[in-house]
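The primary structure of each chain is shown beneath.
Protein chains: 2
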Amino acid sequence: MSSTIDPRRHRELARLLAQLGLDSSQLDKIAPLGFNWLLVDRALVHPSFSNTYNNDQLEFVGDSVLRLSVSLFLQERYGDRSVGELAALRSHLVSDQTLAKIAGAYDLQKYVVVSNAARNDSQALRSLLADALEALMAALYIATQDLAYVRKWLDPQMQNFAEALLAIPALGNYKVALQELTQGVWKRLPEYRNLPKDLLTGDDNSLPFHVEVWFNDRCWGQGQGKSIKAAQQAAAAIALEEMQKFLAATPQ
Amino acid sequence: MSSTIDPRRHRELARLLAQLGLDSSQLDKIAPLGFNWLLVDRALVHPSFSNTYNNDQLEFVGDSVLRLSVSLFLQERYGDRSVGELAALRSHLVSDQTLAKIAGAYDLQKYVVVSNAARNDSQALRSLLADALEALMAALYIATQDLAYVRKWLDPQMQNFAEALLAIPALGNYKVALQELTQGVWKRLPEYRNLPKDLLTGDDNSLPFHVEVWFNDRCWGQGQGKSIKAAQQAAAAIALEEMQKFLAATPQ
Chain A
592 MSSTIDPRRH RELARLLAQL GLDSSQLDKI APLGFNWLLV DRALVHPSFS
642 NTYNNDQLEF VGDSVLRLSV SLFLQERYGD RSVGELAALR SHLVSDQTLA
692 KIAGAYDLQK YVVVSNAARN DSQALRSLLA DALEALMAAL YIATQDLAYV
742 RKWLDPQMQN FAEALLAIPA LGNYKVALQE LTQGVWKRLP EYRNLPKDLL
792 TGDDNSLPFH VEVWFNDRCW GQGQGKSIKA AQQAAAAIAL EEMQKFLAAT
842 PQ
Chain B
592 MSSTIDPRRH RELARLLAQL GLDSSQLDKI APLGFNWLLV DRALVHPSFS
642 NTYNNDQLEF VGDSVLRLSV SLFLQERYGD RSVGELAALR SHLVSDQTLA
692 KIAGAYDLQK YVVVSNAARN DSQALRSLLA DALEALMAAL YIATQDLAYV
742 RKWLDPQMQN FAEALLAIPA LGNYKVALQE LTQGVWKRLP EYRNLPKDLL
792 TGDDNSLPFH VEVWFNDRCW GQGQGKSIKA AQQAAAAIAL EEMQKFLAAT
842 PQ
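Which chain is which? The protein sequence lines are A and B, in order.
Just so you know, we're using my numbering here: the first sequence kicks off at 592 and counts up by one.
Just so you know, we're using my numbering here: the second sequence kicks off at 592 and counts up by one.
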């Protein structure tokens with residue numbers, strides 16, 4: 592199977608996999624047919640480039656490859672923590688934000704095939720890099736039938752993000768952390784405002800709730816989420832960071 | 592590892608795995624340590640029975656084992672369909688409702704270890720059987736490192752459910768199907784009512800939206816979902832079934 596791909600693209604993809612710590616010559620020995628390089632090629636083709644040859648189905652599978660890899664990693668590494676904590680960690684670790692950072696660490700933007708319009712839209716680029724990374728996970732899993740080829744490079748990345756998250760005093764509860772901050776400094780609570788319902792897209796995969804957090808006549812953060820609470824947490828996380836910067840710059 | 596489990600429980604679990612089409616004597620040869628029967632035992636212990644030895648972490652992983660298995664199955668079997676259709680199918684196939692039916696097909700209630708209170712609550716029982724089935728998938732995957740031991744029995748089940756779903760005229764769009772039915776028979780549309788917001792639990796994993804669908808002064812279905820639209824679809828699916836039963840029994 593490895594012979595059907597353009598030799599230049601093959602070298603390029605081998606370079607990407609080498610960055611992930613995967614040895615191409617070893618991959619080519621995978622039984623029974625050798626490694627399916629076309630699957631990796633396809634994983635990096637965004638639907639904006641082609642309607643027919645693209646990564647949308649691989650991304651559909653890759654989302655689940657990611658989720659299982661992260662779940663196993665968390666259960667093995669942090670099995671002493673509650674399932675609630677693991678679920679909070681997992682929701683951060685599988686987010687587009689985390690994925691886009693990992694994609695950036697491997698220069699994935701150099702390997703993706705995408706329309707110029709999408710490449711020049713930084714918001715779209717972030718989301719398509721996250722999608723391409725998920726599709727790449729699916730390609731690696733399907734071509735090897737072994738999650739080890741994903742976890743080998745993903746686990747250390749996730750370890751770094753998990754440790755950073757666990758260093759935050761109130762993991763998954765930025766609302767409590769923000770409340771403690773405003774109470775401690777100003778003896779008052781922040782106010783959460785729900786943005787109007789007409790912003791609801793009604794799409795199951797979207798984030799229907801939009802919330803702002805206000806304090807001292809100023810909006811400190813906006814958040815979106817699948818529930819009011821999730822949107823408030825997202826808004827509080829941003830407000831917390833902003834307020835900490837503000838306090839650091841302001842003599843009390 | 593297989594020696595550390597009570598012999599009677601071992602025989603019981605071997606019987607369950609035989610029902611799944613898995614051969615225990617073959618499993619015991621899995622390298623390097625043989626099959627981990629304790630993991631299967633634990634997968635079937637509900638937290639209502641024990642705070643310390645239970646299946647909550649395995650269920651956390653099993654949810655992802657299920658999702659990956661179903662995603663791969665759908666992509667292999669229905670790869671000619673759009674990703675939107677596959678996602679609609681997947682959301683049905685990984686639901687507690689589907690899982691409870693599969694659990695029932697294998698008499699899982701005979702093998703779960705659970706408090707009497709939970710066993711006598713039929714709603715709780717359904718949900719805990721779905722959880723136990725997910726935990727069992729995690730145990731099989733972790734003990735073998737091979738998704739084949741899950742997909743071997745899960746794929747044929749999912750195939751049946753997927754075919755039944757695809758036979759429904761408007762897959763994933765029960766609202767349209769219901770609307771066509773009420774328009775066709777009575778020339779009027781059903782009405783969706785959102786239940787009050789104080790039912791919001793605020794839990795990210797919960798289903799915050801509760802919707803009822805009304806027609807001719809009668810509530811025909813209730814639904815819950817992560818978005819208004821998902822809740823409406825769930826309600827419409829139930830209403831559609833009820834209304835079809837009603838029409839079949841009523842001379843027009």
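Just so you know, the hints here were simulated from the structure itself, not pulled from any lab data.
Everything numeric in this text was worked out from a predicted model, so none of it was measured.
Where hints are given, some of them may not hold.
Note that identical chains are pooled: a pair holds if it fits in a single copy or bridges any two copies.
As the list claims (entries may be wrong) - The list that follows gives simulated cross-link-like pairs (lysine-lysine, DSBU-like), each with its CA atoms no further than 35 angstroms apart:
1. K766 / K701
2. K778 / K701
3. K778 / K620
4. K701 / K820
5. K620 / K743
6. K743 / K778
7. K620 / K692
8. K766 / K620
9. K817 / K620
10. K766 / K817
11. K620 / K836
12. K820 / K620
13. K766 / K820
Each hint, compared with the structure:
Taking CA atoms no more than 35 angstroms apart as the test, K766 paired with K701 passes in neither setting, with 38 angstroms inside one copy and 44 angstroms between copies. Taking the shortest alpha-carbon separations for K778 and K701, neither the intra-copy value of 49 angstroms nor the inter-copy value of 56 angstroms comes in at or below 35 angstroms. In the homo-oligomer, the alpha carbons of K778 and K620 never lie at most 35 angstroms apart, since the shortest distance is 65 angstroms inside one protomer and 65 angstroms across protomers. Taking the shortest Cα distances, K701 and K820 never come within 35 angstroms of each other, neither inside one copy (37 angstroms) nor across copies (38 angstroms).
For the homomeric pair K620 and K743, the shortest alpha-carbon distances inside one copy (18 angstroms) and between copies (26 angstroms) are both at most 35 angstroms. In this assembly of identical chains, the alpha carbons of K743 and K778 never lie at most 35 angstroms apart, being 48 angstroms within a copy and 60 angstroms across copies at closest. Taking the shortest Cα distances, K620 and K692 sit within 35 angstroms of each other inside one copy (31 angstroms), while across copies they are farther apart (42 angstroms). When the C-alpha separation of K766 and K620 is checked against a cutoff of 35 angstroms, the pair qualifies neither within a copy, at 51 angstroms, nor between copies, at 51 angstroms.
Taking the closest pair of Cα atoms, K817 and K620 never come within 35 angstroms of each other, the shortest separation being 44 angstroms inside a single copy and 45 angstroms across copies. Taking identical chains as interchangeable, the C-alpha atoms of K766 and K817 lie at most 35 angstroms apart whether they share a chain (16 angstroms) or sit on different chains (21 angstroms). For a Cα distance limit of 35 angstroms, the shortest separation of K620 from K836 qualifies neither inside one copy, at 52 angstroms, nor across copies, at 58 angstroms. For a Cα distance limit of 35 angstroms, the shortest separation of K820 from K620 qualifies neither inside one copy, at 49 angstroms, nor across copies, at 48 angstroms.
With identical chains, the CA atoms of K766 and K820 are at most 35 angstroms apart both within one copy (9 angstroms) and between copies (28 angstroms).
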